[in-house]
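K.L.:
Protein sequence lines, in the order shown, are assigned to chains Z and X.
Residues in the first sequence are numbered consecutively from 1, following our numbering.
Residues in the second sequence are numbered consecutively from 1, following our numbering.
No wet-lab data here; the hints were simulated from the structure.
One thing to keep in mind: the hints can contain errors.
Subject to a maximum C-alpha distance of 16 Å in a straight line, what follows is the list of computed EDC-like cross-link-like pairs (lysine to aspartate or glutamate) [claimed, not checked]: (1) 126(Z) x 89(Z); (2) 73(X) x 214(Z); (3) 126(Z) x 168(Z); (4) 24(X) x 70(X); (5) 73(Z) x 214(X).
2 protein chains.
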Amino acid sequence: MQLFYTPDINPSHPQYFLSEEESKHCIRVLRLDAGSEVQLIDGKGGLYNASIKDAHPKRVILQINSVVTEFNKRNHYLHIAIAPTKNIERIEWFLEKATEIGIDEISLIICQRSERKDAKVERLNKIITSAIKQSLKAYHPILNEAMAYDKFIAKPFEGQKYIAHCEDGDKTNLKVDALSNGRYLVLIGPEGDFSPGEIDSALQNGFKAITLGESRLRTETAALEACFEANFLNR
Amino acid sequence: MQLFYTPDINPSHPQYFLSEEESKHCIRVLRLDAGSEVQLIDGKGGLYNASIKDAHPKRVILQINSVVTEFNKRNHYLHIAIAPTKNIERIEWFLEKATEIGIDEISLIICQRSERKDAKVERLNKIITSAIKQSLKAYHPILNEAMAYDKFIAKPFEGQKYIAHCEDGDKTNLKVDALSNGRYLVLIGPEGDFSPGEIDSALQNGFKAITLGESRLRTETAALEACFEANFLNR
Chain Z
1 MQLFYTPDIN PSHPQYFLSE EESKHCIRVL RLDAGSEVQL IDGKGGLYNA
51 SIKDAHPKRV ILQINSVVTE FNKRNHYLHI AIAPTKNIER IEWFLEKATE
101 IGIDEISLII CQRSERKDAK VERLNKIITS AIKQSLKAYH PILNEAMAYD
151 KFIAKPFEGQ KYIAHCEDGD KTNLKVDALS NGRYLVLIGP EGDFSPGEID
201 SALQNGFKAI TLGESRLRTE TAALEACFEA NFLNR
Chain X
1 MQLFYTPDIN PSHPQYFLSE EESKHCIRVL RLDAGSEVQL IDGKGGLYNA
51 SIKDAHPKRV ILQINSVVTE FNKRNHYLHI AIAPTKNIER IEWFLEKATE
101 IGIDEISLII CQRSERKDAK VERLNKIITS AIKQSLKAYH PILNEAMAYD
151 KFIAKPFEGQ KYIAHCEDGD KTNLKVDALS NGRYLVLIGP EGDFSPGEID
201 SALQNGFKAI TLGESRLRTE TAALEACFEA NFLNR
């Protein structure tokens with residue numbers, strides 16, 4: 001069934017008006033007409049079943065027939081902070097895959113060895129939005145603007161904080177350390193890894209060092225591995 | 001350190017000659033010279049430490065200094081059979097990621113609902129090769145030519161056989177069913193999933209139906225999820 005992302009929907013209102021762009025898509029491209037059933041997700045857990053009341057090509061009126069709140073609510077909170085890769089496509093597919101598998105929040109961190117110093121959040125957010133539609137997720141992961149590493153790790157976080165790095169040293173792993181149904185923040189470094197200084201300051205800020213296995217993983221693969229582990233351990 | 005993939009290396013021979021193309025890359029591009037140390041992987045578990053004896057731009061002679069056999073030998077065997085996606089790039093990144101995370105064999109299966117009926121194995125194999133070099137894997141995953149689904153599932157396989165599909169019905173999952181350090185074959189269907197008939201014939205051929213979680217996953221994400229799970233459960 002056709003799905004629309006409608007973050008501005010009012011749950012208490014029996015009708016919803018599609019934007020001009022989506023109305024055109026709905027009527028001219030999908031060729032839906034009055035009576036056709038569609039689904040809406042608000043990105044905050046709401047999944048709506050609706051039907052087309054007025055198939056106006058510029059202003060489709062939808063009749064809300066039923067709503068499910070907290071649809072497929074997640075049983076843990078996963079926040080991954082990742083250094084944008086030199087090739088931004090690698091972050092793009094991480095966002096698509098992480099959204100499919102399950103993630104709550106993503107932060108972009110600029111590290112000492114980051115080759116890329118910024119990233120267009122708007123474009124990346126569109127990738128997340130199309131992924132929640134594709135995988136029928138009623139919750140829209142939060143994507144935060146890029147921030148300097150030192151500033152980011154000093155921010156408070158209610159939950160378990162981890163840093164995944166490739167340097168030697170004592171490390172735990174999510175399988176043994178992560179509390180089930182918990183809240184986790186995982187730091188993933190740039191292509192050249194975190195600097196020893198960055199690792200020290202993370203540890204001083206209450207982060208635990210973790211390993212994601214023996215394989216040498218690319219930045220985006222390491223982030224997806226962490227995402228997979230957190231979800232799998234809470235299944 | 002610079003790494004070369006040398007599947008034709010003879011372990012009992014103290015020297016190795018780089019191909020003209022690799023010699024040129026080694027001397028003209030990387031600008032390595034006599035005495036420079038390099039590493040070689042043979043794709044069969046051998047990791048060699050070597051040094052340049054003769055920096056000839058068309059025929060570099062390497063002196064083998066030491067060899068490690070069964071380097072990072074895997075403790076289980078994972079064979080994933082996947083229907084090539086309409087957009088071949090999605091299979092390409094699955095191959096790259098699965099190689100980084102750990103996989104032994106990949107088969108391409110053509111299913112009833114496959115939109116793509118073939119795939120260029122040679123090109124896909126190059127992606128696997130660059131991934132083993134990037135992630136320092138001494139074993140080169142096997143990639144098999146595309147084969148019709150019915151023919152594939154009738155082939156013998158020593159180990160546990162699974163089919164991941166989205167239809168209703170009794171399903172187990174790898175966490176409860178997969179024996180540790182075992183041999184697993186997992187079938188992943190095309191964008192439109194396996195047909196009910198295909199699922200039935202798999203079950204009749206000794207495959208067990210599994211779920212990869214509650215999320216609605218794309219073909220390549222489902223395959224990567226299975227890859228993650230098999231590796232994680234054997235860590």
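K.L.:
Next, verify each hint and record whether it holds.
P.N.:
Now the hints, each set against the structure:
1. 126(Z) x 89(Z): Measuring from Cα to Cα gives roughly 13 Å; hence the hint holds.
2. 73(X) x 214(Z): The hint holds at about 11 Å.
3. 126(Z) x 168(Z): Violated: residue 126(Z) and residue 168(Z) sit about 38 Å apart, past 16 Å.
4. 24(X) x 70(X): violated (30 Å)
5. 73(Z) x 214(X): holds (11 Å)
When held up to the earlier numbered hints, the structure conflicts with 3, 4 and fits the remainder.
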